[in-house]
Structures are given as structure tokens and as C-alpha cells.
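Chemist: The listed protein sequences correspond, in order, to chains E and F. First residue of the first sequence? That's 6 in the working numbering, and the numbers climb one at a time after it. First residue of the second sequence? That's 6 in the working numbering, and the numbers climb one at a time after it.
Be aware that a few hints might be false.
In this list, chains with the same sequence are indistinguishable; a pair is considered to hold if it fits within one copy or across any two.
With a cut-off of at most 27 Å between alpha-carbon atoms, the simulated BS3-like pairs for lysine-lysine come out as follows [as the list claims (entries may be wrong)]:
(1) Lys244 - Lys7
(2) Lys244 - Lys215
(3) Lys7 - Lys215
(4) Lys7 - Lys294
(5) Lys294 - Lys8
(6) Lys8 - Lys264
For the record, the hints were derived by calculation from the structure and aren't laboratory data.
2 protein chains.
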Amino acid sequence: MKKYQRLARQILEQIEQGVWHPGDRLPSLREQVTHSGMSFMTVSHAYQLLESQGAVVARPQSGYYVAPRPVSEPAVRRQVRAGAVDINTYIFDVLQASRDPSVVPFGSAFPDPRLFPLQQLNRSLARVSRNATSVSITDNLPPGNEALRHAIARRYAAQGMTIPPDEIVITAGALEALNLSLQAITEPGDWVIVESPCFYGALQALERLKLRALAVPGDVREGIDLDALEEALNRWPVKACWLMTSAQNPLGYTLSREKKQRLMALIKRYGVTFIEDDVYSELYAGREKPLPARAWDDGTSVLHCSSFSKCLVAGFRIGWVAAGAFARRIQQLQMMSTLSTSSPMQLALVDYLATQRYDSHLRRLRRTLAERKQQALHALYRHLPDPVRVHASDGGYFLWVELPREMDASELSEAALHQAISIAPGKMFSADSAWHHGFRFNASWAWGEREEQAAARLGQLIRDRLLP
Amino acid sequence: MKKYQRLARQILEQIEQGVWHPGDRLPSLREQVTHSGMSFMTVSHAYQLLESQGAVVARPQSGYYVAPRPVSEPAVRRQVRAGAVDINTYIFDVLQASRDPSVVPFGSAFPDPRLFPLQQLNRSLARVSRNATSVSITDNLPPGNEALRHAIARRYAAQGMTIPPDEIVITAGALEALNLSLQAITEPGDWVIVESPCFYGALQALERLKLRALAVPGDVREGIDLDALEEALNRWPVKACWLMTSAQNPLGYTLSREKKQRLMALIKRYGVTFIEDDVYSELYAGREKPLPARAWDDGTSVLHCSSFSKCLVAGFRIGWVAAGAFARRIQQLQMMSTLSTSSPMQLALVDYLATQRYDSHLRRLRRTLAERKQQALHALYRHLPDPVRVHASDGGYFLWVELPREMDASELSEAALHQAISIAPGKMFSADSAWHHGFRFNASWAWGEREEQAAARLGQLIRDRLLP
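Construct the entire structure; sequences and hints are all you get.
Modeler: Put into C-alpha cells, the structure is as follows:
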């Protein structure tokens, strides 16, 4: 193959692989000469060859452009496959599939982003863009922006908890906070208690860090069984617990004040460390924000993880851990893995929080989520056949839908996805098959025609699977 | 203790621990009543007690404010201690100490942020703040913003490399890219080759993932010894190599084209995977951007990691890995650890890159860094005593300063920090004592009176340590 043919083939490859899109202007002959080190003649020949093949179009006085595609390829829907695939791949596939905007996102973990105060956040971002200096934009290594840590500490203080800003580390969402926490207090092979079912991120983190999981069963209404927890603590050399105490994912329950106190007493008695995943803490029902279990600790036993992703803005990726005695270790680990979260995002949140609009936004958000959850609950009962049970808890925006025992929610999930509906099957949250006939339903979306039809289709899919 | 005394003590504690600063307005009596569940009388008593103790000041019609501190505490300088401390703690302390703005940052890893196009980046951020929608702000799960991946793919294409945008994963700086890459291809106990000396992040990552490090020596001018590398590949069951091929940190060398080709031939022959850390790729000398070793791979053997942090903006925390065949695995791992980088930061970069100013910024930046490196080099030779050698390489902005063999750069670093000067001692980059009498010097700063004086003080400290 001659030089110009090789170059032509390379450009063709780049077009095929999506580096250049139809309509894109290709590098000019002169640029191409500089980059490739080839002669003007060679490059020019290559472009002419591509033109003769119909791959590029020359526009006089302008340059060479990628030709439009002859036929548009049909959009291929990614298929979710269960079975031999490992659980991480399964979860990844479910999550990826539900990203498609044409899919009704009942399986999504995030609340409807239209409920977030976009305009005000944008205004804060605009103010940061006016005021950011070259220093403010670099000076945010761990533990993160000082003003932001202060603002968070003051929210703890408003609940009567004294958490020094120096013990708060800003992270890339609660997910990084939780992962760093687990890493800070465990070694491979350690035993860690989680709930069954629980947030799949916990299971993944345990697997990634080669930890041994002990899953303590929970009740869809009352939450984790503390007798079973105590038995587990008694029997195994447990190093840590990772639990959600308010608006648990996926079931939705909030532990009572008494249960939280007893939980903390157990944590202390058995000398284990508690990672409290509290990402839905602002999405409570009723007038009073429930105290986290951290309220009964002095910072020696609990790493309290939360974020703004579920209640203010998901795309900023800002969370934190109130790490108490573990703060320095967490900072070290962060410095080794992601260094820090981005400066403008932290500054924009500081600006937004200073506007004092956060609490009224949260009040509105809680009200709307409660209304939408009611609407979804009624719609599901209208459309799903009789043996199906829908559990609505007070906090958060998830419903837990329980199919008849013999039914496999993963299989339903796959079938639903073929009809452009996502749900989050129990298998994502527990290895225990006792939960595999349930699925998590995101009720944060405005209920309209599309949602009504999707619920109806879901009902039909379930009816098709009922034993005769 | 009575209720109101308890509340007063809690607030006092919050003031002492920095939750409330002098001059801050405390929650109003009404707010405090709501949060604490105590009576108005109790809360009011508590505030009066605090006022009588001089801890808070009441302002009529306005509320209670934290009193100013009676005397300002002297700023305590954090001391760096070597010796019994483990290497991660040592590195962490050096990095933390050099964050103090009163310290002359010769030890810093980042270039002078004033060299970055702050105004234009701010303009991009402002445009994002006008145009961001609730969807654009959530829709950036791994692998990251599509337009940004395209822009990066096109920069590869401009160097003749065909890298499909789908194989690029956007990360929180190169540090996350490198960590995810290492995690994607290794299991605990695996052997990994690094250079000696090398970027400390590599050593930390290996330790964190319980990998075995093989350090292959490098030459301050020519870089890694490929014969030694081949011997290591021959003798040990090596799984991966993590090397810098251009403007290596800390030494500064760029491998020649021939060495990169031979390196890739070795990688292929021994069937290992290559993590190419290429964060300084844009900071080359001369007219041509050197090709990375990735140019001689088809995406099956190399994970090419880079970022915008060293050449455009550090605070955005945006990097990437061109992961080839490993792209899906990398996405899975990211989804389990940080989920994704923030949306507005990705969108702002897309906007900035579309302005076509990036290349002219880079040309200016390269010119300035080269000038400053020359200035620093001359100044060091003016001020440092004779046996000291300063190595200036072509790329990047680091100088490598070699003290007399018997001198310990860590000890010098500690002494220099007491005089508010940071340097990055060899111990941060290698366990091999052969490098412990050298230090990395950041030459990106505008050379002024402060820098001149700091160099003079550094010279005196070295003279004080010369054998008589």
C-alpha cells in the first residue's frame, strides 16, 4: 500500500470509529502535513482518494468535510442478560440500559432532576465564573473547600450535633465517601455487616476490597433485625457495619429513634466501626428531620456519609464524610485516588447555600416527592394484578414492589426493558433469593400519560407471568 | 447540669471546634427552639448565660453573634517528620505543608495557576451556567460527556492515532485514570514494574492495591534502562508496567522515539499491559509533540492516561484514560467508586475546547515554562554551592537538583520548610537511597525577589550541611 493510501485508510478508520462525524471539517491539508510529516502531495492525494470514494466532500475555499452517512443505522437497544454474568456486570448493564432517554426510568436511582433548583444553581455557577481566581481554583486539595465544610457543619449543628469542620472531608458524591470510609477501616479478608437487601454499591465495594460480607436481614417496614445483628456481632469477628438508617435504599424504611440508639449501643459494645450511609437524610416525611445514628456517637465509631446528589443537584458530584477520628486517614486515601473534587463545583455550592434558599427548596422537594409517591402508588394498584404488593415508606422516593414469590423480577426487568421500561430488580440489592421477587420503583417522576401507559404495560407483563 | 446549661455548653463547644466563627450569627431563639425541642425559656436562658460569659454578643433587633476572639492565636506551622513515619504519611505531610500560601512552593507538583487561561475558562463556565439544563446536568454517567470524549479523540487523531471516543473514559484527573487502570488489570499480589524514581502516586497505588513493585532504575537524562526492564520482564511474572514516557516526573526526561518503540516491543513480547502516564504530554519542547508509546499499540496493550490539570486547569479535576479493550471494565470500576466526574466541569471544557484557543494557549504556556525554567536554572547555579548539580530536561517544568551524595534531601526539606520554602525530596519518589540526595524543583513560578531570596536561603542551608 502506498503512503497516501495508508493515510486515507487511517482517516477512513477514524470516521468509522466515530472520531469524525458526518459534517465534521477534517484537518486542513496544511495541518495534516504538519502532523503527519508527509508531503503536501501525499496528503492531497489521500484526500482526493477519500473524495473519490465518497467518504469526504470538498467544499471550495473551506476544506474537506466528512460525507453524510448513506443510510441511518437503526438504533440498537442494548440487551440486559442475566444468568452466567457476574453481578457487577449485571448491575452495570441494568444501569447503562436505563440511561437511554427513551426508556421510562422507573429503575433509576436518582430523583427527577427537574425537581432541582436549576436556575439558582446556574446563578451560583455564574457568580463563581465571575469571581473565581487562579488561586481559588487550585486551592481545594483534601479535605476540600473550607467554607463548604463550615456550611455542612452548621447544618449538623442545627440538629444539635457538634461536628468540627476539620473532620469533614468533601468527596465525589457519597459514593466516594462510602468507598474511602470502607477502605480506611478494613483490610482484605475482614468481615463487614450489610443489610439484605442493601444499596448495591455496598456489595460492590466489599467485593472490590476483598472483604467478607455478612448480610443481616431487614424487614420492609421496620428495617434491619437488631437481634440478628447482635447475633452476627457475637458470632463473627466483625470489623465494620455499613447500613442506611433513614429512607433505606431499596426498601425505604427509616429506623426509629430507639432502634438507632440500640444500634449504636451494639456498635460500641462490640467495638466495631459504623459506616452510616445517609444520602436520603433530607428527604424525610413529617416535620422533624430524623437524627442519624451519628448523633449518639462522639466521632470515634461512626463515619457519617452523605451528599447533595439526591436532594439538590446530582451532576455536581459533591458529597462528604463526617469522619471523626478517621478524617486524616480519609484525606490521605483521597489524595492517593482522586486528589480532590473540582473547585468550581464546591464554590458554586458555597454560593448557593449562602443564598439561604436551600431549606425552602427542601421543603418544596419533600412535599412534591410525597405527592408523587402517592400518585404512583395509586397508579400501580390500578394497573398491577392482585397478588402484587406495593410498600410505600415515609422517606425518600422509592416504592418496593413485591411480586408473587415464584416470580423472578430480573426476568421481568429484562422483558420490561424490551418495552422501554426500566425497573430495579431485587437481585441488584441482595444475593438472598428471598428478595428476588421484588423490585425498586422510582416514584419521583411527574405522573403523566407516558408513566400511566408504562405502568399498564408493566401490569400486563406481570399478568402474562402469573401461574394459571 | 440543667438543660439550659447543657445547651450553652454545646454551643460553646461548637464555637471552640470552629462550627461557628467570631462574628457569625447564631440560630435565632425561634430556630433553636424548633431544632432542639427545648422551650423558649430554656433556649433564652442558655443564650443569656453565653452572653454573660462573653462568648456571644446580643445585637438588638438582630440576634446573637459569636464574640470576637480575645487574642489571636499564633499560626502554628505544621512540622514534617520523617523517620518512623510510613512513606504515605510522609508524602501527605510534605504535600499538606507546602499548601500554606506563605510557603515558597518549589516542592509543588502543579504549575503556576496564573499561567492558565482563567478568563476564558470562566467565560466557558458562565456559558454553561446559562445553557445547562436539568438533563445535561445529570446525563454524564461513565464514560463521561460524549462531546468531550470526541474532542479528546480528535486531538489523538491530529497526531495520527485512531482512538474511538467510546474507548475514552473521563475521570477525576489523571490520578483516578491511573488508579482505575491499575485496578482493572491487576489482582493483589501481582508484580508491577515502575521506574525509580517515579511519581509517588504510583507507589501509593501499588501499596493500596497490595501489589508487588519492581522498580527499574532510570537515568536522569535517558530515562528508564530498557535492558534492566527486559531483565525484570524475563525474571519475574510481571503483570503490568506503569511508566511515564514524556517529561517524566520527577526527572523530566522524555524517552526517544526509538526507546518508546523498543519499550512497546518488549511489552508485546512479554504479554504485559502498559499503563502510560502521560500527564505532561502537552508540555514538550521543540516544534513537534512527541508521540506516546500508545502510538505503537492497537488498544490491546496500553491504557493511556492524561488530563487537563497540568496544562489548562487543575481545579476542574478532569482527566481521561484511552482504555482500548479495557474501557468497559474501567467504566464499571468508576461506577462503583466515584460514579462520574461533575457535569458542569465537563461541559465547560467542551465549551472552552470549541473556542479553538487551546492550541495557542498551549504554545504560550510552553514558551513561558521554557523561559522560567532557564531563569530558575541560572538562579540555582548562582545560589547553590559548587558540588550541587541541576538537571534541566526539555519537557515539563521540573528541575532535578542533585546534592552531594552524603546529604539527605529529606532533612534539607524539613529545614527549608522551617524557613517557609518547600522542595520535593527524592524519598517521595523512590525507596532506593540512590535518589535520596536529590530533590525536585518546580520552576514554573515567575522569578522575582521572593524566589531569589528563597534560592539564596536554600543555598545557605546546603552550605551549612557541606562536610568541612
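Chemist: For this structure, which hints from the list above don't hold up?
Modeler: When the structure is compared with the hints, numbers 1, 3 turn out to be violated.
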